[in-house]
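Trainee: So you can see what is in the structure, the chains are spelled out below.
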Amino acid sequence: MTCVHLLLTLVFAVSLGTPVEIQRPRGVPLTSIQFYVENKPFTCLDGSRAIPFDRVNDDYCDCKDGSDEPGTAACPNGSFHCTNAGYRPMFIPSSRINDGICDCCDTTDEYNSGAKCENTCKELGRKEREVLQKMAEITKEGFLLKQHLIEEAKKGQQEKKSKVTDMQGNKKQLDEKVEVLRTVKETAEQPEKEAKERHLKAWEEQKAAIRLEKDKAKMAEAFFVSVSELQSHAELDADADGTLTETEAQGLMGGAEQVDTSTFESVWPNIKDKYHSEVSREEADMSCLVSSEVPFGKMFFFFFTVVKLSAQKARDDFEEAEKALREMDDQIRNIEKELSFDFGPDAEFTYLYSQCYELTTSEYIYRLCPFNRISQKPKYGGSETNLGTWGSWSGPENNKYLLMKYEHGTGCWQGPNRSTTVKLTCGKETVVTSTSEPSRCEYLMEFTTPAVCQEPANTDLSPHDHEEL
Amino acid sequence: MAASCDSLLPLILLLCLSAQAVDRSNFKTCDQSAFCKHQRELKPGQSPYRALLDTLELSDSRLTLQLINDNNKVRLLLELYRLQGNMTRVKINELKPLKPRYEVPDVLISDPITEALSVVAQDENSLVLSLGGKDQRLIVSAQPFRLDIVEGPQVLMSLNSRGLLAFEHLRARKDTASHTGKEEDKPGMWEETFKSHTDSKPNGPSSISLDFSLPGVEHVYGIPEHADTLKLKNTDGSDPYRLYNLDVFQYELHNPMALYGAVPVLISHSTDRTMGIFWLNAAETWVDISSNTAGKVRVIPQTDVRWISESGLIDVFIMLGPKPADVFTQYASLTGTQSFPPLSALAYHQCRWNYNDQEDVKTVDQGFDEHDIPYDFIWLDIEHADGKRYFTWDPSNFPQPKEMLQGLMDKRRKLVAIVDPHIRVDSGYKIHNEIRSKNFYVKNKDGGDYEGWCWPGNSGYPDFTNPEMRAWWASQFAYDQYEGSMENQYIWNDMNEPSVFNGPEVTMHKDALHGVWEHRDVHNLYGLYVQKATADGLILRSGGVQRPFVLTRAFFAGSQRYGAVWTGDNAAEWGHLKISIPMCLSLGLVGISFCGADVGGFFKHPSAELLVRWYQVGAYQPFFRAHAHIDTPRREPWLFGPENTALIREAIRQRYALLPYWYQLFYNTHRTGQPVMRPLWVEYPDDVATFSIEDEYLIGKDLLVHPVTDEGATGVTAYLPGKGEVMCFSTLNGFLSLPSLKYFLWVSHIPVFQRGGSIICRKDRVRRSSSCMENDPYTLYVAPSSQGSAEGELYIDDFHTFSFEVAKQFVHRHLSFSANTLSSRNLAPDSQFSTASWIEKIVIFGGSQPSSVTLKNADGTESALEFEFGSTLAVLTLRKPGVNAAADWTVVLR
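In order, the protein sequences belong to chains A and B.
Mapped onto full-length UniProt numbering, the consecutive letters of the first sequence carry residue numbers 1 to 469.
Mapped onto full-length UniProt numbering, the consecutive letters of the second sequence carry residue numbers 1 to 894.
With the rest of the complex left out, here is chain B (with noise of 0.2 angstroms):
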């Protein structure tokens, strides 16, 4: 849900007015932006900034020298920074600042493990320090500061090239005593009004900037959240992109606006060399791309980039990959892999702001086994807390909360609730009352409790970036805490960029206070605590032995390893179905996954055509949820006629029997941070083809999805990329295998292609809910490349709880194929589990018919496989091997 406007009768009279898109004129461009503005006016030209070298100080793994600004002689403190897996931090701040910088806390895993850095050259204007391996080095230029890292002859980024290094130091306002006046004050320095909100700006001015310059770079991607292309395009003469968690409502497509969370990540892709740079900073900041090839032709390309924060300091951490997996590996060492999601979290969620009522929740749930589709998730929005008090149930439509969850119980079913972070101000509410007893609400300037005005009228804000606050919250989510819950429900938070329906950009105020610090420099951080504080809870809950799952809508860096994300509120249209692509696959480039769009669309009502092709959209995409705003008709899969319910059945029918697939791969990215939803260009790097591709995509390597998104479409025309790579496409019937050409199609279905080469394990006897399905058996599909071999895994796991984790209880095997011999291999020996799970049935793809297939045993023993060869697909299919799917087993063909 959204809000937008500057409390809440305007909201509805907006409401009313319906408005097609969102009102811009209550979000800030640069110029509205105080910073940005005199940021942005700064041109590219000679940095006032000189490196003092001879204050440099070296120890083992950090280098500090200082800088100084010569036209006001205020000094920096620069640090530098080798860290392990071919990373380099660089760190800005003031010497000796009025008072301290706020540093992000809690995004970093740790602190980063660094390497010795040493100096190996120096003169009277650079310094040159050895990055390690590879030539690379880092090399300090005195005067103008900049800093060039070179590999070999080739630079690979240049930071302050173009002089934009700007840092606004603290300083006393002019009427105090302490001022001492030498600099001119710009307009909105000390005070700025945004429509009707003043921001105080009590510390004055305290922005940073610093530009950085990707020479052979043409192709940039990254900084979610934007409803934008996935290559990030160039803002000359327009607005930067923003990174600023506001919830908007009504967002509008190809805009650099900010939406609901932020992720300071950018990522260079070119043939020669992948990187990443990590801009650590939560305050509001915009972000200027700047390309030299716009438009032209011949020359060297080169990609400038520029960040402008509004506070905090300059702390950056530069990836240097050189391969796409190897960027995402740096970045995974330093904020986290993806948390592992309980499988039913991967399957079908279905929610609708909202389902009236516990006879409700009971009926669409009979829908789906009345109409024989699977789902493992019913979501209850903010309609089911009694007066939107969080954490209770309204008393006349959900008066017996138990006895709904057992009944999801019964049918192995799950539900989610949301709970958000506004709490209703209340002195009957009792969240409310330990929240201000405890004194852990967010103040206003002035110091008292900060309110304003969401979902319940006046509400007060929790703080969550106070570690104490978040554990008392996490343990409200205990059983005896939260009445009416139980074990198979799990938690939606929504609103917590914070949406303040009346405050400035629809959010809090940047001069409220988390303790000492401004909202101002925590604000892109909120989301994330709110998430953290939720998932804690629920592990919490179950004393540490459940893996938690937890929905968020605002997001930071770091937001992976508490749980999933969607894309907010979107809408009933084909732009915003097609835009789902670009938006989760920029997530899943800086680490966050569990990404997803809702299905159908928020706002407005579906054609049944496009609310098929969502399915068949989201059926592929890693968080797969339909969602409905209030006041939309009714659109659970079975109302718009059998044709499209069978449809929308077997969309979800083909999720639910690649959830071994996509389990997997969720194991895989939690303990790599490889992204489950991935660009062609991460897979095929140097396929410069690849690079602008934003409607189709890979689920982890092997899968190839182009959705159909367009209104009418028969067909869709597929890029295959690879070279003699074989793709085998999933018809309703069968596959077929096609050279790896652009080819058209026809389409009733989902056009989803398996890379030549790879094996995927699915569970082909799909049931209502992933939870039944946990004992099936696997069906192994064997696509060979034109060498005639393949590979693939199987993760098996107990797909809720710790136990991978903690007690290593899991089976992850190495499927392989080659020269006529499939095996299955353990890749981890150290592990156990046991499962009831067996191979049914293998399928090979392109080959020729053997004359006999044997089954060899890990005790020696060795049995004649059945098979079948259709001829005119070329597919083999072994007829029920039996073996356990956690056995050593080798099956030859002849």
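The following block holds chain A by itself, in its conformation from the complex (with noise of 0.2 angstroms):
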């Protein structure tokens, strides 16, 4: 059975350096102390009973709370105190009292379990301190170049405001002016339309006529009489079987066993399309023909030139006008873009837009962009994998500028889409920190910047020796 201490005698230091002895049941804070009487019934401090004050810490738990049981493991619902002096107090279940493990940097979790623990709390309260003073130079530092960065951001925003708002008007006038050279360009464009037109009829009937000559300089080429004669043509297989039919051939020309010359003129518009001549095959196709002739082109390069001289320059500055507005509405887009993102509330973000940020691991090399996309790219070569496209701040609620979402980036095989969060802390840097796979194909990356620091608090570093008064 395990021996039971009631009272604890605590000696520690408060703030003046004087000793002082507080007397109290093992485990309860002095927060507490009131409702631990000794010699009077302790009421278990849900008030559901009461019960007398030997059965404080007795190691039975007769409180459904657990309160009666502070300093010992009894009541599953328990919970310890230890004061941890030079360190911070912490509260830890009473199933840890005695299990062998050391919770309690000042050793009071162990009194009773063999357990060799030391006291580790001047270490960890000097090892926090010091990790405190970083944190708060940091702090302090980063929050001086956020004030900065917040400045940089109000400033640029004004300006791109400014800007739009500018080009808005430029815009307009811009609009005005394409629309005026359109009706300059179409009436310069006039007499040019026309005369390819015209032309442009003349040389369709030109062609016709030569097509005309050449098809019936074809056919009397062709012309054949027999069946056995057209069987020689695979080309015009109509089962396309790689053998023309006797029954095909026949079919070919009308059923009949041979034809003259007048009944091959009803029989050559079925053949004539597939018709291949046995010395002129290459020179068959009438539009190849009829492109290289060069008399007719040269012609037409002299109207067309005269005419295009005077559209001309009509045409290339209503492009020039058209190309201005196009650019200047893009411009306008990309900053109207740009001034619709998160930046958090005093727009501290901002200057991590149209940023890369890359971190080089032993196999691969991560790039996050800001508010666009994050990639991993092998160190030896290998394609670039998408982590997530920039998806929302999703950090807690009462602050969620600490974490980014990307999402949607490359499958994985049997898995989700890849998607990284990344966790922003306060530094002086802007870094990416680390990066991790905690589960597949679900990223976790590490990145510094001042625009979350917070604005310090009062830069009193010693507030442990308060706590416990």
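Don't read these hints as lab results, they were simulated from the structure.
All values derive from a computational prediction rather than experimental measurement.
All C-beta atoms, glycine included, are put in the ideal place defined by N, C-alpha and C.
Among the clues, some could well be false.
[As the list claims (entries may be wrong)] So the derived label-pair ranges between C-beta atoms look like this:
id: 1; chain 1: A; residue 1: Ala50; chain 2: B; residue 2: Glu609; range: 39 to 45 angstroms
id: 2; chain 1: B; residue 1: Gly447; chain 2: A; residue 2: Gly114; range: 58 to 64 angstroms
id: 3; chain 1: A; residue 1: Thr361; chain 2: B; residue 2: Glu609; range: 37 to 43 angstroms
id: 4; chain 1: A; residue 1: Ala50; chain 2: B; residue 2: Arg894; range: 26 to 32 angstroms
id: 5; chain 1: B; residue 1: Ala471; chain 2: A; residue 2: Arg129; range: 56 to 62 angstroms
id: 6; chain 1: A; residue 1: Ala115; chain 2: B; residue 2: His371; range: 18 to 24 angstroms
id: 7; chain 1: A; residue 1: Arg129; chain 2: B; residue 2: Pro633; range: 36 to 42 angstroms
[Said to hold, decoys possible] In silico DSSO-like links for lysine-lysine, alpha-carbon gap of 27 angstroms or less:
id: 8; chain 1: B; residue 1: Lys841; chain 2: A; residue 2: Lys40
id: 9; chain 1: A; residue 1: Lys122; chain 2: B; residue 2: Lys411
id: 10; chain 1: A; residue 1: Lys405; chain 2: B; residue 2: Lys604
id: 11; chain 1: B; residue 1: Lys578; chain 2: B; residue 2: Lys701
id: 12; chain 1: B; residue 1: Lys411; chain 2: A; residue 2: Lys127
id: 13; chain 1: A; residue 1: Lys64; chain 2: B; residue 2: Lys841
id: 14; chain 1: A; residue 1: Lys122; chain 2: B; residue 2: Lys362
id: 15; chain 1: A; residue 1: Lys423; chain 2: B; residue 2: Lys362
id: 16; chain 1: B; residue 1: Lys362; chain 2: A; residue 2: Lys134
id: 17; chain 1: B; residue 1: Lys233; chain 2: B; residue 2: Lys402
id: 18; chain 1: A; residue 1: Lys172; chain 2: A; residue 2: Lys160
id: 19; chain 1: B; residue 1: Lys233; chain 2: B; residue 2: Lys37
id: 20; chain 1: A; residue 1: Lys116; chain 2: B; residue 2: Lys411
id: 21; chain 1: A; residue 1: Lys127; chain 2: B; residue 2: Lys402
id: 22; chain 1: B; residue 1: Lys362; chain 2: A; residue 2: Lys405
id: 23; chain 1: B; residue 1: Lys362; chain 2: A; residue 2: Lys116
id: 24; chain 1: B; residue 1: Lys402; chain 2: A; residue 2: Lys116
id: 25; chain 1: B; residue 1: Lys91; chain 2: B; residue 2: Lys323
id: 26; chain 1: B; residue 1: Lys186; chain 2: A; residue 2: Lys127
id: 27; chain 1: B; residue 1: Lys174; chain 2: B; residue 2: Lys438
id: 28; chain 1: A; residue 1: Lys207; chain 2: A; residue 2: Lys193
Using the hints, put the two chains back together into the complex; each one sits in its own frame.
Mentor: Next up, the structure:
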């Protein structure tokens, strides 16, 4: 059976440096000491019942809320308070009392387990203070940088907003200019268009005449009279099985075995599109033949040049104006897009826009382009993998700007699309500090930036000695 | 992990396609397995075998006589033994085989003790042997040959009564000189091809078959491992149940297909008698079950069972019961009992493929403390090793394994790392080089080292059937051999069917060679040997002091001696949660009590509801481990919102509170072979209503669990067996007493009932690991029967060494309550152990308010105990008896 110390004398230093002794049951925080009065019945803190004081910390759980056993493991829901003088006080579940594992740096949780615990509070306190100090410095500097970032961002935003306003004014003028030039252009182009149409028509007529000539010549060359003769022309094969059967050939000839010149004229349209002359197969393509006709080309070019000269300037002017308008539209859209991002309550994240930050690990180069995308590229060659494109801020309710979520990256086999959570911490520099893949295809990236540095609290760095009192 | 295709590349493709269920075409049906097809074509009828009674030879304990097949004149030798503990052994081999046939070694713990057989009657066609007491007789009929085991006028079991004894004798190949050419060849006898794999079958046909008839029997169980009902189904018109250890990718439910392990033991049960058939054969085996009552009424029930194996010999142990407990004792006397695990192995295990690195392990470890959830073991899957070279650590993710292990040890926690039997073929890998130089690899049919694809790519497979190889393997777990290992690191053997990604049916070629034997002969035994060698290694590294803990996926009869098994690569589906119960019950019936299923389901992502329910089920199954596939999102218990975290925490805490009961049950099964997780019929053998129940079960005999396994369920209807027994239902607030009727219960928690008449010891101070609770006090929960009495046991030792066995260092108490007196009595007076644990509280249900309670100590001193009585639930709580848990004491209520 465990030997239970009812009362524990605690000695610790207060900020004045004077040692003070306060008696209280083991595991009770100073804030609750008034409920544990020696030799008076103890009332469970939930008020459920009262028990004699000698049942407090007697290693048997009497109170449903566990309040009678703050210093033993008897109650499943109890908690134990360690003072941890020199470091920070804390509560631990009472199941951790005497479990052989040192939880409290002042060793008070292991008073009867045989565990060899050393008091590490001073050391921890010192380390913590160092860390806090360092953090405070970083926060302080970071916060200053953040102010600067905010100023820059606000200035930048103002500039951009007014630029957009200006550009929208300019755009209106440009719109009008484009319309005017369009009219000029269309007027100038009228004669050119007419000339073109006229000559096109003439050319079509001439082309038709030439085609007719050629057709006749070809028919004359092709003239044949028997089925067997026609069968030598496999290109006429109707069912494309590679041979022209007798029946197929007869069909092409209107059922007759043989034809004369006049009947051949009626057969010819059936076969002329497919018919290949043995001697002139390569020139059978009419359009090819026509486009190589030099005389007509020359003629057309002459007309065109004359008319075009007069329309060209109007066209150039118009196109230039239209291009300028398009560019301006793009610029306005880009700035508006940028302005539409949530860059934080004070626009402190603005500076990250259109920047990229890299981290090289043993295998990969990770690249974070805030508000845009994250990628991973093998260090020694190989293609880039998209780990997600900008989704949203996704930190906890009280500060959503602590996490960024990038989604819909490259798909994983038998898994989801890759996604990345970026955890932002306060730092003087803007750096990706680590990446990991806690779950398949779900990445975690740690990123420091001054933009999340909070305003430093009053720089009193010795809060621990006060908390107990 | 599972794999299921012909090479690594198709494996990946297959995974891409993410098949919903098993690709059945990767695995043979009976029709695709030549011997099964041929044997099954043989229909019941007159047996060609005749016993030659004049060849009878009877020694004190052994009877032999020859059988002749009148069709081909081949003679067999029948051996009959009467074994101690009401068992009969029947062996049939060829009288003069062309070469020796494989006889399974290392499964029986020793040569079974025989008892005298005597001939009590004989005529020209039969022989009657006495099987000892209870007028049990074994009748040998000569023509046609059959065996009948009778008790008085009642036939208990008949062998070859349907004439399905078939023994393919070894014969010379046609192309050899010694071939006599008498027999007709059937397709597949001398070579067979499945998919792209050809089995060269150099020994030709060698299969065996025998039928067993069980008059009066409608319920048969066992022959795991199948994802199927507890009660075996009739296999007429479907494939037989198959026993062939296979790595089945995404296995299907309610299917007789083979899975990772095989225990060729069938248990029959009726209100009259419980019996068992142990078919000791490690080759591919098929079991046909045929019931004459299927779809019929008013016939005398009978179940016929037919066993078919590809090679080896017929070696059958008939366990004659008559009670369920007797069959378990009988089987345990043959193959041994469940190893007694260290206490922590019965606690909660946190696994995932994979915890990425040391930092990840640390974070998860802290996560449990932050969320105040206990756990004992964290597990590392294959990615922890350097390029899947087992016995090594990935240098970038696990650069300081000892630092990691020490961190866990500081929290009194432990780690399991995987060591699979496939060895990466890599001349820079010490393990491979040694195995190769010692010539320890399995050989291919041409005598070279057998190689196949597995996780590391091209791999060799050590020949675990070789005792020298096993001894060497065991030596590799020594702390100076296995760098980075420490005493709080334990081992997990996966893929030991063995899994060969590019092998036939994802396993080893049957014509591969283990010394003189073909893989065909030893296949189902391979996994057992892997676990045995590993467990031996863990014992060895501690100088024989510490109990090992090794988890295996493949198993065989006898595997219970080496550690735990799990049901392999299940899925996050309600059906898989449900099937975990009959799967583990079936294993428990055949000796393997330390069974569990991956909590949450291995493949796929469970909903929060499914995950919570699975924790609630897992907390009440013997091996309690959460596991997840690498492609699933993280699912540590705190990732599903505070409410679900609280429910999971509660389930795990219930497990920890009940660890004394689990521990005592494992001690009990280690001693006696009685299963830990039991079907209801085992304890209520006369209650026909329990015979097919598989959605509720008993833990030991005192806890009845009806877990919730349906989506959206708000309650369960529990069948409470026993006449007039009281069941106490544990709720979050206390206990309710219920009469033994069907009950509908509202549940936001786990429906667990304590049997009236029992005393259960718990440790209600749940801490962050079981080791932290070793010295904590006990609370006794007394649930009196309707006669007002109850009993229970308490077992305590150092929780992790063999001292309990070698030095009798333990406490074993019998607790009994009757006539308002509760006392603790020593069950093992010759044992000695001192414990710091004491009795902090005694809770008695269903009584009336006493006027006083007195504690009498062993030294005669008496003291009054304070108590509280809650009249609404009639719960009497005795405050702080304070006696040492090892002491004699009595508490009297007046």
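Trainee: It remains to establish, for every hint, whether it holds in the given structure.
Mentor: Verification of the hints:
no. : hint                                       : in the structure
1   : Ala50/A with Glu609/B: 39 to 45 angstroms  : 42 angstroms, holds
2   : Gly447/B with Gly114/A: 58 to 64 angstroms : 60 angstroms, holds
3   : Thr361/A with Glu609/B: 37 to 43 angstroms : 38 angstroms, holds
4   : Ala50/A with Arg894/B: 26 to 32 angstroms  : 27 angstroms, holds
5   : Ala471/B with Arg129/A: 56 to 62 angstroms : 57 angstroms, holds
6   : Ala115/A with His371/B: 18 to 24 angstroms : 23 angstroms, holds
7   : Arg129/A with Pro633/B: 36 to 42 angstroms : 39 angstroms, holds
8   : Lys841/B with Lys40/A                      : 25 angstroms, holds
9   : Lys122/A with Lys411/B                     : 22 angstroms, holds
10  : Lys405/A with Lys604/B                     : 24 angstroms, holds
11  : Lys578/B with Lys701/B                     : 21 angstroms, holds
12  : Lys411/B with Lys127/A                     : 23 angstroms, holds
13  : Lys64/A with Lys841/B                      : 15 angstroms, holds
14  : Lys122/A with Lys362/B                     : 25 angstroms, holds
15  : Lys423/A with Lys362/B                     : 20 angstroms, holds
16  : Lys362/B with Lys134/A                     : 25 angstroms, holds
17  : Lys233/B with Lys402/B                     : 50 angstroms, violated
18  : Lys172/A with Lys160/A                     : 18 angstroms, holds
19  : Lys233/B with Lys37/B                      : 20 angstroms, holds
20  : Lys116/A with Lys411/B                     : 13 angstroms, holds
21  : Lys127/A with Lys402/B                     : 26 angstroms, holds
22  : Lys362/B with Lys405/A                     : 25 angstroms, holds
23  : Lys362/B with Lys116/A                     : 22 angstroms, holds
24  : Lys402/B with Lys116/A                     : 21 angstroms, holds
25  : Lys91/B with Lys323/B                      : 25 angstroms, holds
26  : Lys186/B with Lys127/A                     : 82 angstroms, violated
27  : Lys174/B with Lys438/B                     : 37 angstroms, violated
28  : Lys207/A with Lys193/A                     : 21 angstroms, holds
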